[in-house]
Amino acid sequence: MQFPGIIIGDRHLLRRIVSEEDTAGNYWNTNVGQLLSTPSIVAMMIEACTELVDQRLPDGFMSVGKSAEVVHEAPTVLGATVTMTVEIEAFDGYHIRLRMEAHDESGLISTGRHERSIVNAQWMRLKITRRLTDRI
Numbered sequence: 004m005q006f007p008g009i010i011i012g013d014r015h016l017l018r019r020i021v022s023e024e025d026t027a028g029n030y031w032n033t034n035v036g037q038l039l040s041t042p043s044i045v046a047m048m049i050e051a052c053t054e055l056v057d058q059r060l061p062d063g064f065m066s067v068g069k070s071a072e073v074v075h076e077a078p079t080v081l082g083a084t085v086t087m088t089v090e091i092e093a094f095d096g097y098h099i100r101l102r103m104e105a106h107d108e109s110g111l112i113s114t115g116r117h118e119r120s121i122v123n124a125q126w127m128r129l130k131i132t133r134r135l136t137d138r139i
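Numbering-wise, this note's numbering puts 96 at position 93 of the sequence shown, and it's gapless, one number per residue.
Treat the hints loosely; a few may be bogus.
Below, a list of computed lysine to any residue pairs in the SDA-like style, where the Cα atoms sit at most 20 Å apart [as the list claims (entries may be wrong)]: (1) LYS130 <-> ASP95; (2) LYS69 <-> ILE11; (3) LYS69 <-> ARG128; (4) LYS69 <-> THR114; (5) LYS69 <-> ASN34; (6) LYS69 <-> HIS98; (7) LYS69 <-> ARG100; (8) LYS69 <-> GLU118; (9) LYS69 <-> GLN58; (10) LYS130 <-> PRO42; (11) LYS69 <-> ARG102; (12) LYS69 <-> GLU50; (13) LYS130 <-> GLY82; (14) LYS69 <-> ARG59; (15) LYS69 <-> THR33; (16) LYS69 <-> ASN123; (17) LYS69 <-> THR136; (18) LYS69 <-> THR53; (19) LYS69 <-> ILE20; (20) LYS69 <-> ILE10; (21) LYS69 <-> GLU23; (22) LYS69 <-> LEU81; (23) LYS69 <-> GLU104; (24) LYS69 <-> TRP126; (25) LYS69 <-> THR41; (26) LYS69 <-> TYR30; (27) LYS69 <-> VAL122; (28) LYS69 <-> ALA124; (29) LYS69 <-> GLY28; (30) LYS69 <-> ALA46; (31) LYS69 <-> ILE49.
Simulated from the structure, these hints should not be mistaken for lab results.
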């Protein structure tokens, strides 16, 4: 199967205002509780990459996360606006590597990479069902 909609260099922009649920205080008691947490940056990156990739896939296909790497460069405060750009960096037919860069009003806050795999959605649902029934 070929996926002509996946084009190296395509980009997607995600913009978000940092809320309480995005802060480090949502995960643990800390003196930096009003700052954007690293797990929230990872979640934003996955969301942006999924939005970029999945809309380019034919019906019956979806992407799933394979790996994520994030460098949290600088603090971002509650209420700041994060602008994240993700770009398709490489594609081998089924695996997509994306590059991420995020900024707030003061400058660069994070860089990273995320890899997603293209799968048949029906196959994935069957695999999930099997995993769930194996637990019983």
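Of the hints stated earlier, which fail here? Violated: hints 1, 5, 10, 13, 15, 17, 19, 21, 22, 26 and 29.
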